[in-house]
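Visitor: One-letter residues, chain by chain:
2 protein chains.
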Amino acid sequence: MYDGPIQDLIAQLSRLPGIGPKGAQRIAFFLLDADLSDVEALAQAILKAKQTVKFCQVCFNATEDDICRICRNERRDHSQICVVEESKDIIAIERTREYRGLYHVLGGAISPIDNRGPADLHIRELVQRLGDGQVTEIILATNPNTEGEVTATYLSRLIAPLGVAVSRLASGLPVGGDLEYAEEITLGRAFEGRRLVAGGGN
Amino acid sequence: MYDGPIQDLIAQLSRLPGIGPKGAQRIAFFLLDADLSDVEALAQAILKAKQTVKFCQVCFNATEDDICRICRNERRDHSQICVVEESKDIIAIERTREYRGLYHVLGGAISPIDNRGPADLHIRELVQRLGDGQVTEIILATNPNTEGEVTATYLSRLIAPLGVAVSRLASGLPVGGDLEYAEEITLGRAFEGRRLVAGGGN
Chain R
1 MYDGPIQDLI AQLSRLPGIG PKGAQRIAFF LLDADLSDVE ALAQAILKAK QTVKFCQVCF
61 NATEDDICRI CRNERRDHSQ ICVVEESKDI IAIERTREYR GLYHVLGGAI SPIDNRGPAD
121 LHIRELVQRL GDGQVTEIIL ATNPNTEGEV TATYLSRLIA PLGVAVSRLA SGLPVGGDLE
181 YAEEITLGRA FEGRRLVAGG GN
Chain Y
1 MYDGPIQDLI AQLSRLPGIG PKGAQRIAFF LLDADLSDVE ALAQAILKAK QTVKFCQVCF
61 NATEDDICRI CRNERRDHSQ ICVVEESKDI IAIERTREYR GLYHVLGGAI SPIDNRGPAD
121 LHIRELVQRL GDGQVTEIIL ATNPNTEGEV TATYLSRLIA PLGVAVSRLA SGLPVGGDLE
181 YAEEITLGRA FEGRRLVAGG GN
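In order, the protein sequence lines correspond to chains R and Y. The first sequence begins at 1 in this note's numbering and counts up one residue at a time. The second sequence begins at 1 in this note's numbering and counts up one residue at a time.
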């Protein structure tokens, strides 16, 4: 349909997550209309990030340095480690401003269907971080889906005997949501995790 | 939140049409995880398209050559010109396999709100193409929205006196759609453009 380079560009863009053929075409024509300097800046940003970003030697968060900013920050609470599947989960948690401890990025979740077991994740390195006795709590923040739950269960059994508290993020109704539209497993979890707010005698 | 190059990449990706901050973050981490050769291929495709693609000297379609494939094709009907707003509209029309004539890309539509008048579009060049008397029909295929309709009305008034037939794509119910859910202007157009299918006496 198109001549070579436009077709190539559309094909390359279509491979990115969340971009379908129509979206790729729209972006391709947007780039053809854009200023050359803007397009070069995009291509440079892609190459630069790929070339300079590596993973923190302690927690495996994406960073430009050997040790990431969070691990280096002395003002954070080094007694807590929040375990997440991916670097981007850290952003979501940081945005809440609720947590001041450290992180550990597993690099995914246990998933037999994808042939990914505990040995494929940064679990050994997590256990090593518990060796010096400084850490007193591990917060399991893997995703609330099957793989995330399996991974959380595996980690809690592995870590509990080491004398470190292990907690899991609460599941329940999303704030601002509508009970009527809550999906049944979430609603079930909300019942399971209900909290006494008044009375009750004790 | 992130260190420099990741943040830069996310910011650059967020500027693309149809990509929000979450999508940009997802693509950024996808690229960090991807093979270096794939990432380089993407950056190259972006630069190559930008550097080599230009616009057809006749119809302003995007092309690698001075004259695009469609204008060069002797087997197409050179007596018809279908007028579209953007190069990508040509793809949509070509996909129908209903049309074998030529095209003319205006480069947008008349839009006072965006400060874009007839002089900012390739309208003068369209009129010039009618000069040799080879073209007998102009098909106005600008978008069925306010700007597209204004542009179509402007062009039909401009071209009709030149003795060339001017037609407009039909508006009506989308095939496979449901009358109940048709938006009222579309339904009104469907009535306006109704066709006698049987009887009627003449």
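Source of the hints: derived by calculation from the structure; they are not laboratory data. Incorrect hints may appear among the rest.
Chain copies aren't distinguished; within one or between two, either way the pair holds.
Once the Cα atoms are required to be at most 25 Å apart in a straight line, the calculated BS3-like pairs of lysine-lysine come out as [said to hold, decoys possible]:
1) K48 - K88
2) K88 - K54
3) K48 - K22
4) K54 - K22
Visitor: None of the hints should be skipped; say for each whether it holds.
Guide: Tested hints:
no.	hint	result
1	K48 - K88	within (19 Å within a copy, 31 Å between copies)
2	K88 - K54	within (14 Å within a copy, 38 Å between copies)
3	K48 - K22	between (27 Å within a copy, 20 Å between copies)
4	K54 - K22	between (32 Å within a copy, 21 Å between copies)
In terms of the numbered hints stated before, the structure departs from none.
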